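**Student:** Use the sequences and the hints to build the structure in full.
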Amino acid sequence: MGTHVCLHELFMASARRSPQAVAVVEPGQGSISYGQLDALSDRLRDRLAELGVGRGDCVGLFLRKSIDSVATLLAALKVGATYVPIDAGAPAARGAYILHNCSVKVAVVEAALADKLGAALADLGAAPTLLTVDASLAGGAGLLAALAEADQRASAPVVDSAASDAGDLAYILYTSGSTGQPKGVMLSHENAVSFVDWCSETFAPTSADRFSSHAPFHFDLSILDIHVCLKHGATLVLIDEDIGKDAPRLAQLIADERISIWYSAPSILALLAQFGGLAKHDYGALRQVLFAGEVFAVKHLRALCELWPTPRYFNLYGPTETNVCTWHEIPLPVPPERNTPYPIGQVCSHLRARVVDESGAAVAAGGEGELCIAGAGVMRGYWALPEQTAKGFFSDADGSAWYRTGDIVSATDDACYTYRGRRDRMVKRRGYRVELGEIEAGLYRHAKVKEAAVLAFADEQAGLSITAFLSSDDAKRPSLIEIKRFCAENLPLYMIPDKFSWLDSLPKTSTDKIDYQRLKELR
Amino acid sequence: MPDQLMQKIKNFIMEEFLPGEDADELTETTPLISGGILDSIATLKLVMFVEEQYGVNFEPHEVDKENLDNLVSIVRLIRAKNPSAA
Numbered sequence: 001m002g003t004h005v006c007l008h009e010l011f012m013a014s015a016r017r018s019p020q021a022v023a024v025v026e027p028g029q030g031s032i033s034y035g036q037l038d039a040l041s042d043r044l045r046d047r048l049a050e051l052g053v054g055r056g057d058c059v060g061l062f063l064r065k066s067i068d069s070v071a072t073l074l075a076a077l078k079v080g081a082t083y084v085p086i087d088a089g090a091p092a093a094r095g096a097y098i099l100h101n102c103s104v105k106v107a108v109v110e111a112a113l114a115d116k117l118g119a120a121l122a123d124l125g126a127a128p129t130l131l132t133v134d135a136s137l138a139g140g141a142g143l144l145a146a147l148a149e150a151d152q153r154a155s156a157p158v159v160d161s162a163a164s165d166a167g168d169l170a171y172i173l174y175t176s177g178s179t180g181q182p183k184g185v186m187l188s189h190e191n192a193v194s195f196v197d198w199c200s201e202t203f204a205p206t207s208a209d210r211f212s213s214h215a216p217f218h219f220d221l222s223i224l225d226i227h228v229c230l231k232h233g234a235t236l237v238l239i240d241e242d243i244g245k246d247a248p249r250l251a252q253l254i255a256d257e258r259i260s261i262w263y264s265a266p267s268i269l270a271l272l273a274q275f276g277g278l279a280k281h282d283y284g285a286l287r288q289v290l291f292a293g294e295v296f297a298v299k300h301l302r303a304l305c306e307l308w309p310t311p312r313y314f315n316l317y318g319p320t321e322t323n324v325c326t327w328h329e330i331p332l333p334v335p336p337e338r339n340t341p342y343p344i345g346q347v348c349s350h351l352r353a354r355v356v357d358e359s360g361a362a363v364a365a366g367g368e369g370e371l372c373i374a375g376a377g378v379m380r381g382y383w384a385l386p387e388q389t390a391k392g393f394f395s396d397a398d399g400s401a402w403y404r405t406g407d408i409v410s411a412t413d414d415a416c417y418t419y420r421g422r423r424d425r426m427v428k429r430r431g432y433r434v435e436l437g438e439i440e441a442g443l444y445r446h447a448k449v450k451e452a453a454v455l456a457f458a459d460e461q462a463g464l465s466i467t468a469f470l471s472s473d474d475a476k477r478p479s480l481i482e483i484k485r486f487c488a489e490n491l492p493l494y495m496i497p498d499k500f501s502w503l504d505s506l507p508k509t510s511t512d513k514i515d516y517q518r519l520k521e522l523r
Numbered sequence: 524m525p526d527q528l529m530q531k532i533k534n535f536i537m538e539e540f541l542p543g544e545d546a547d548e549l550t551e552t553t554p555l556i557s558g559g560i561l562d563s564i565a566t567l568k569l570v571m572f573v574e575e576q577y578g579v580n581f582e583p584h585e586v587d588k589e590n591l592d593n594l595v596s597i598v599r600l601i602r603a604k605n606p607s608a609a
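Respectively, the protein sequence lines represent chains V and A.
The letter at position 45 of the first sequence is residue 45 when you use the working numbering, and the numbering goes up by one with no holes.
The letter at position 18 of the second sequence is residue 541 when you use the working numbering, and the numbering goes up by one with no holes.
One or more hints might be untrue.
Said to hold, decoys possible - The calculated lysine to aspartate or glutamate pairs, modelled on EDC-like cross-linking and capped at a C-alpha distance of 20 Å, are:
id: 1; chain 1: A; residue 1: 588; chain 2: V; residue 2: 242
id: 2; chain 1: V; residue 1: 448; chain 2: A; residue 2: 548
id: 3; chain 1: V; residue 1: 280; chain 2: V; residue 2: 306
id: 4; chain 1: A; residue 1: 568; chain 2: A; residue 2: 539
id: 5; chain 1: V; residue 1: 476; chain 2: A; residue 2: 545
id: 6; chain 1: A; residue 1: 568; chain 2: V; residue 2: 242
id: 7; chain 1: V; residue 1: 105; chain 2: V; residue 2: 168
To be verified - Which chain V residues stay away from chain A? Per the calculated CB distances, all over 10 Å, these:
id: 8; residue: 299
id: 9; residue: 342
id: 10; residue: 352
id: 11; residue: 450
Said to hold, decoys possible - Here are the simulated distance ranges between beta carbons:
id: 12; chain 1: V; residue 1: 520; chain 2: A; residue 2: 579; range: 39 to 47 Å
id: 13; chain 1: A; residue 1: 538; chain 2: V; residue 2: 127; range: 46 to 54 Å
id: 14; chain 1: A; residue 1: 579; chain 2: V; residue 2: 19; range: 42 to 50 Å
id: 15; chain 1: V; residue 1: 312; chain 2: A; residue 2: 585; range: 29 to 37 Å
id: 16; chain 1: V; residue 1: 397; chain 2: A; residue 2: 571; range: 53 to 61 Å
id: 17; chain 1: A; residue 1: 579; chain 2: V; residue 2: 13; range: 20 to 28 Å
id: 18; chain 1: V; residue 1: 154; chain 2: A; residue 2: 571; range: 31 to 39 Å
id: 19; chain 1: A; residue 1: 571; chain 2: V; residue 2: 390; range: 48 to 56 Å
In case anyone wonders, no lab produced these hints; they're calculated from the structure.
Please read these numbers as outputs of a predicted model, since none were measured by experiment.
Note that the Cβ used here is the ideal one computed from N, Cα and C, for glycine as well.
**Tutor:** Shown next as structure tokens:
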């Protein structure tokens with residue numbers, strides 16, 4: 001049975017209950033109450049409607065994390081549209097591709113980025129309406145100013161907030177695609193609300209909680225941060241991307257802002273444990289530490305649990321296509337002799353899981369196979385990619401659609417899953433999914449690159465190290481600095497390989513394909 | 524006369540993050556963070572090296588692209604904190 005509440009209605013109910021409560025904080029800059037955030041997102045909802053946005057349309061967010069961006073995504077939902085958050089720090093061409101790919105009608109864009117984005121959109125022959133916001137104004141003032149300016153040109157009549165169907169899309173998150181272009185994962189209101197409700201049941205948040213918002217909004221961890229927090233009338237503390245990577249500053253901020261529920265990829269928690277100077281601060285408010293997105297190396301987890309002994313720790317697992325689908329509470333303390341990572345745990349109560357072999361047959365407990373997930377949280381499909389969507393699922397005799405995660409797991413008798421590896425060429429880096437094929441496609445764009453093959457290796461310190469093997473016809477190969485700069489201009493920073501290795505030509509298999517096995521040995 | 528302080532910082536970056544690269548390729552103005560040479564962990568390592576070598580302390584807010592994106596700005600920041608650094 002589906003749920004029929006919309007994602008934005010969870011927020012609106014909190015705003016009615018406690019309009020004075022603080023909804024979102026921009027540390028050191030400003031904050032906004034539930035009532036104010038409701039009013040601000042209503043105004044943008046009306047403006048979006050005036051610009052022709054309605055049910056089934058997409059609204060792009062090309063903004064750094066801010067009160068403006070929270071208001072924008074709520075406004076998009078209120079007008080019945082789907083929000084599409086885009087990495088504002090990635091090259092403009094990638095953002096333009098995404099906006100064009102899902103045919104956004106309106107994008108709310110940080111003013112400083114608008115020219116570059118507009119030019120990249122024009123290259124694609126796309127011209128959505130860009131509503132520009134001055135990001136230097138905090139506390140929602142940037143969006144207010146943009147709305148006031150738009151009001152001077154044309155009034156925006158008040159419209160009702162949409163009561164979308166549970167099956168309507170709430171947001172599309174673009175993830176790395178193996179073909180070299182990102183692909184859009186479509187999540188409905190039902191998908192999102194079923195996940196949010198599961199979080200309520202599992203983590204029992206209250207209005208007194210202060211949630212971290214560490215993940216950027218184009219990353220699926222943000223769904224828990226934003227929507228679970230707003231459902232419970234709690235406070236969302238936005239963490240700027242620069243501070244989010246800077247362990248000592250972040251350590252201070254978590255203490256100063258009295259964060260009570262923390263959620264991030266393990267990589268930043270490992271940096272906090274090593275370089276954060278956590279012993280210097282008071283973390284009395286911190287009661288839960290959630291992490292997801294990649295394997296947490298046990299030595300760093302142990303160090304963290306010793307420095308932060310009071311909170312409960314949860315290992316969450318799930319691809320963007322399902323959001324969190326399994327979970328495991330770490331039993332404390334972490335024993336000194338343990339070095340194998342913790343299991344990803346049991347399936348969440350709103351979902352079902354099974355482990356299958358290559359023919360699709362169920363694998364007995366103890367055996368390894370691909371983890372497949374069915375239930376209310378599973379995505380509708382990939383935007384405009386019916387073939388990839390079909391490949392991503394199989395149906396069982398009851399007609400249930402099972403999403404193939406591509407992750408190989410094993411299960412114990414009591415259905416506790418342990419992650420074993422990937423079926424394909426996707427890796428996780430700093431919590432982001434990276435298709436090695438997308439990096440290769442990026443490298444091939446360099447005029448001097450003749451062949452490119454990218455491999456990932458386990459790395460004690462960084463968790464994962466990415467090596468690019470390259471060949472060139474040109475006697476003068478690009479320097480390391482040149483190729484890194486080229487990558488920085490063409491790929492998100494987390495996709496830039498750590499090492500570049502030039503060969504005369506790449507080894508081939510008997511069918512003349514690049515021989516990845518031999519490249520592994522060359523390392 | 525070449526700047527000794529800058530040369531030391533450059534040597535550290537070359538050895539740690541650009542092994543095998545031709546030293547001439549790394550100029551005073553080569554973008555380090557925005558150019559993909561220093562990621563967040565590499566930036567922290569550079570800061571720890573500088574703090575240890577020159578007895579300076581970086582304020583958390585100084586560890587960013589504005590101050591550390593090329594050799595010129597790194598050296599400027601160190602000298603502002605320790606004018607005798609060499």
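**Student:** Can you give the numbers of the hints that this structure goes against, from lowest to highest?
**Tutor:** 17, 18
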